[in-house]
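Undergrad: This is what each chain is made of:
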Amino acid sequence: MFTLSLPKVKKALVFLGFIVLLSAILRLYKLGSVPNALEWDEVALGYDAYSVLKTGRDQFGIFLPLTFRSLDDYKPPIYEYLTVPAVAVFGLTPFAVRLPSAVSGISMVLLLFFMARLIFSQFPQIRFHHVKAALIASFLLAVSPWHIQFSRAAFEVNVAATFTVLAVFFFIKGLTNNRYFILSFIFFGIDLFSYHSARVVAPILLLALLIIFNRSLPSKKTVLSHLLIFNLFLIAVIPIISSKDAQIRFRATNIFKPTARYLDEVDLEKVFLEKRLADIKAGFPLAGKIFHNQRLIYTDYETLKKAFQNYLSNYGFEYLFIKGDAPLHHAPDFGLFHVWEFPFLAIGILYLLIKGLNRYSLLLFVWLLIAPIPNAVTREAPHAVRTLLILPVYQLLIAAGLTVVYTLLVIQKSWVYLTFFIILNVLFFLNHSYYLHQYFVHTNYDVAANWKYGREDAVKFTESIKDNYDSVYVSMTVDMPYIFWLFYSQYPPGLYLRQGGTVSGGFADERNRFDKYYFRNFNYREVRGKGNLLLVGTPVDFPPDANVIKTIYNPDDTVALLIAKNQ
Amino acid sequence: MIKRRLLLFLVILFNLIIKFWRLGIIPPLLGDNSLALRFLSAIVSLFFTLLIYLLVRKIYHSSKLSLLSVILFSILPQTVIEGRIVSILVYPPFWIENIPRSVSLFKLISNFFTLISFNMLLFNNTTFYWGGIRDFGVIYLSLLPFFITGVFVFTLQKKITPLILLMIIFLLISMSPKFPENRTVLLSIPLFSLIIAKGILNFWQNKNIHIRFISILLFIFLFYELIQFFHFYTIHYPRQVTDFSDNIVKPF
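Residue numbers (our numbering), protein chains in the order written: chain A, 34 to 600; chain B, 4 to 255.
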């Protein structure tokens, strides 16, 4: 391990301070208004935290749950509990709901410096500049489009990523000072309660760490006792994962079930049947039973290929550097990384494979390979949320690449080094300013509808006039409407629970109601003239002659919601 | 020596069966009287296989590597498919269609990364209308670890000519006016075979029990994939060809 002189340490800490400040600005500036609306998971997280704060129970009336049923996706509890103090201080606002994610993102930037310093001091060539390399890694994470995206919205996975880094950091620290091992196992344990994909990644990553660093571990007794601590968390999480209700999440997202295998595609049963019929027609009925047997779905070649395709799609160039995946997961027309980072990523990988292959680089590669595993068996791949636990490996690899190039140039004539430095800076400023423009300007315009824009205005409007009506019907086409109305009206959780609380967080469930609000589909012509109703819906819910009293527009002038009378 | 000759004989025999068995039926002829051209294509493909054997042996002075390369070349999807239809090797007009043209840098980069993506490598062939199977990529999934190892070994040994040639072919394909429909992918298959063969030899030469175990598992999986491929090729592919016969480029 290389030690630094005091002035160098101070200098490094000053740089680190600037980087953390930059990361804080990028994550906290206009946190509550960019993106300009909360999507349904964010409001659900916020209202559950509000409910816990006020009543100690979630929206279903469960006392301090270990898993939140939420929108029937059975969310792990860490994010909700972290949101409670934020809501207590700032109220039930978008800022408060997103704050734990932002703070977690800033913490990860800080933490990465200390972890990267330990890792980079183990590689030849880089070890002489390990502090610089660690600062670069930290800076790259601070300005990372992928990390900023998830630090500026309430995504539980962002907190899970920070816990994963904490766990790995303490594990590496533990290699030189055994006292830290226990913290590593505890954070790996907490990770199991932070996000669904962490429940797959954390145990495998811990196992990989134990195998990779088996020669540097303390005594067997110590490791086993620490594993016992992790197992306590594991034992606590197993009943949750294996419960029938929590399986709903997996059933809805896995690639093995007929309805879930191909999104927007023909039924899997039909696919199998058609293939069997083709085999029979060709005179090979037995082949049909062997190759296209739905009961053998887990060994079916097409399914296996689909799983591998999903997994590998997470390493695609277009996905990472050009397009990203779903609109909520990246800035409009921008990938998850800056394009200029690509050559340095390639250099970093090649350098660590060829010159720097040791246990530490192996850890980075194994981490890189483990993180997308949950996305292999789930549909919608590549997926920036389910694979976020891959961060900050990419930043470490790019930082390694940049440092290697730096070490090669710094020994050349100064003009060579300076030219490279200037070109790199110009590329960074051009690329990053374009990103900032796309994020801070275009997100609120281009993808406002994806962020469920218009719900806040609709709630405020219906709240202001609801007393003039017998009931307010909100159509299910508004997408999970009950939770938006609970959140934006700040409906008292105690009162809500006394009225029955949430019946179901299912996407199409029409049983939820509170106060004058009924969350159900309606046929405008059928309810016309029957009582005094206020109706909220999307354009598909209303005929052209509907008595619309308010139209809420998205920023791009498309219609978000309509509010009408039934008279 | 005798063992190797026997193996080579078996490879040729395998190629004879694969290339000539039910040649006019799988895939079906599309009424364009191309059976003679198909026959010629199969013969040329057979000689192409032998040529690869001789070339690899001449350049790398290794019978093992050359034999393994042709075995792999014989079983890769693209070789089987192109060996049984009117291939680019026997029909010059196909070359003219695929002559590289100037394209914008952005398009070139985008096409290039599409070509080297895992999707093209392992899962999807985009050249259906030009005679490909959509459901299979350039190589089988089980060969990926060997391919990565091969790339790595060639790089470490500083024998990167096959890698450079592969990149040149991909760059030319990226400039094709018909992209992503392009039959010249066939020219990259010998290089893929060579790189994978290098990877397999490197795997197998490692006596570590775990590496051996992984290799055996991968070979078993390869066998399973071959069965799947030939099942698809002989039963389902002909049906696809019939369904889309109007759009398929002829002579087929």
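No lab work stands behind these hints: they were computed from the structure. Please read all numbers here as calculations on a predicted model, not as lab measurements. Heads up, some of the hints might be wrong.
[Said to hold, decoys possible] Simulated pairs of lysine to aspartate or glutamate, DMTMM-like, Cα-Cα distance not exceeding 25 Å:
1. Lys499/A to Asp578/A
2. Lys303/A to Asp246/B
3. Lys253/A to Asp278/A
4. Lys338/A to Asp138/B
5. Lys110/B to Asp366/A
6. Lys308/A to Glu100/B
7. Lys339/A to Glu184/B
8. Lys356/A to Asp578/A
9. Lys322/A to Asp246/B
10. Lys314/A to Asp138/B
Undergrad: Would you mind marking each hint as holding or not holding in the structure?
TA: Each hint tested on the structure:
1. Annotation: proposed proximity of Lys499/A to Asp578/A holds, straight-line Cα distance about 22 Å (limit 25 Å).
2. A C-alpha spacing of about 18 Å is found between Lys303/A and Asp246/B, which places the hinted pair at or below 25 Å, so the restraint holds.
3. Between the alpha carbons of Lys253/A and Asp278/A the distance comes to roughly 38 Å, so the proposed pair goes past 25 Å and is violated.
4. Proposed proximity of Lys338/A and Asp138/B is supported: the alpha carbons are some 10 Å apart, at most 25 Å.
5. For the suggested pair Lys110/B and Asp366/A, the alpha carbons sit about 16 Å apart, so the restraint of at most 25 Å is met.
6. For the hint linking Lys308/A to Glu100/B, the alpha-carbon distance of about 35 Å lies beyond 25 Å, and the restraint is violated.
7. Under the criterion of a C-alpha separation no larger than 25 Å, the hint pairing Lys339/A with Glu184/B is consistent with the structure, at around 23 Å.
8. Only pairs whose Cα atoms come within 25 Å are accepted, and Lys356/A paired with Asp578/A is rejected, the gap being roughly 41 Å.
9. This hinted pair checks out: Lys322/A and Asp246/B have alpha carbons roughly 24 Å apart, not beyond 25 Å.
10. In summary, the hint linking Lys314/A to Asp138/B is supported, as the alpha carbons are separated by about 21 Å, within the 25 Å threshold.
This entry does not satisfy hints 3, 6 and 8, going by the numbered hints stated previously.
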